[in-house]
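Chains G and R, in that order, are what the protein sequence lines are. For the first sequence, counting from 1, position 123 maps to 123 in my numbering; every step adds exactly one. For the second sequence, counting from 1, position 158 maps to 158 in my numbering; every step adds exactly one.
These are calculated hints, taken from the structure and not from any lab test. Idealized CB from N, CA, C, for every residue including glycine. Check before you lean on any hint, since a few could be wrong.
Label pairs and their computed distance ranges (CB to CB) [what the hints assert, rightly or not]:
hint: 1; chain 1: R; residue 1: 14; chain 2: G; residue 2: 50; range: 44 to 50 Å
hint: 2; chain 1: R; residue 1: 210; chain 2: G; residue 2: 242; range: 22 to 28 Å
hint: 3; chain 1: R; residue 1: 163; chain 2: G; residue 2: 252; range: 55 to 61 Å
hint: 4; chain 1: G; residue 1: 150; chain 2: R; residue 2: 210; range: 52 to 58 Å
hint: 5; chain 1: R; residue 1: 54; chain 2: G; residue 2: 170; range: 46 to 52 Å
hint: 6; chain 1: G; residue 1: 50; chain 2: R; residue 2: 51; range: 55 to 61 Å
hint: 7; chain 1: R; residue 1: 210; chain 2: G; residue 2: 147; range: 42 to 48 Å
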Amino acid sequence: MQPYNNSIDRTIDKTDKKNYKFEYKMTVEDLDFWYGDNKVLHNISLNIIENKVTSLIGPSGCGKSTFIRTLNRMNETIPGTRMDGIVKLDDINIYTDIKDASKIRTRVGMVFQKSNPFPKSIFENVAYGLKVNGIKDKNLIAEVVEESLIQAALWDEVKDKLNHSAFMLSGGQQQRLCLARALAIRPEVILMDEPASALDPISTAKIEDLIVTLKQKYTIIIVTHNMQEAARVSDYTAFFFQGDLVEFGQTKEIFTRPKKKKTEDYITGRFG
Amino acid sequence: MTKHFHNEIEKLKNKILHLVAMVEENLQIAVKSIIEYDIGQADKVIMSDPKVDSLEVEVEEDCLKILALYQPVAADLRYVIAVLKINNDLERIADLAVNIAKRTKTVTRHPDVEIPFDLHDMLSITVEMVKTSVDSLVTNNTQKAYQVISEDDKIDDHDANAFNIMQKQIRINADYSEYYVSLLSVSRYLERIADHATNIAEDVIYMIDGEIVRHRSDLA
């Protein structure tokens, strides 16, 4: 199959109509990725715009989750994988300029599909990232925990039971706790791999509202199977298919008049 | 789910085509009634309008249902939005056909007085514009749609011309003022119908290309 990348305008005009300028927070150039001998990403080039939400859509197995993992070197935790290409955070090549992958993950945080709180108290869950990064000042930790829980829109629900086990929270609350945990280390970019797919509509709406609020401070990249979700929360959308980036552009354009027939077929459910 | 959705779109397509056929027929009969001074035909148009109205409501309800239940995107979204708007234009065209039919009754009282402007040309251009605009919808043809848009100025000129002529005629022959005012109204209705045909054409272009071409003077 021919890669689509050559025909994709990944640069997006840096000034919009109101003359508002934006910067690329992350840039990906010619990224290839293999599981063993199986090449699953083909020559992906994509720029992530600062303080915007970029959603990655595509059918199962299209490579979107693999792609998002390469943005904070989570792929390195999977044995037998190999990558080629450049991933930059600002001007830093995250694979060659930084030795310790965990340093990248403090700047590029991640929230997963299934909420995965630690078997600790609510407070300890959020404080965990600070403690492992060597912060000992208790007042500072308490302050950051509160601020993170407020940002994750969970504070009012848990402020009186911070010492309770995180497992006592509902699924939607656990997911927001994981978000608070990711926010506590003050990342610049937040990666979300289907953060709302296991949640009921009300919890989903809370997560989606949060995403839109958080983009003022963070750059957000979200993988989602839910096309309406991508349409609701994101500013830019990238459509992946069989390891290729088929189309990338403003969400409002992708969902009203996509340029590629494949994108059109996928989002209108005429696939096959 | 997708299958049900595509069935709904198909059903909507059939309904709007049915409406197209009804409106086109009513317009043709209204035009015939005024050319042939045939009150019987005029009554036929007036009587059948409620059917158009109820089908228009049905189409709108179907569009709203599809938007609420399936949240269509891309070409599907553009299709439903275009149908929603075209539906409204078709219903207005049918109403204007009724207005023309009503004026037939006044005009028919004076078969001996010559119609002082080129009503026939105006009628045939307008009917052709409506036909071409709905053709562009049925055959997904933007070329036809652009053709409709470019015709609209001719009707505007005819209408402006009719206005000037009627003003003079009423001054000269005040006894026939009711007759002339009716004819002037017909001219105005035709001008409105041509505008609705233009709207339909513009919505067809949006539906196919995703481009909004309204308010663009270079197309006229």
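- [ ] Please name the hints from earlier in the document that this structure breaks, with their numbers sorted from lowest to highest.
- [x] Those not satisfied are hints 3, 4.
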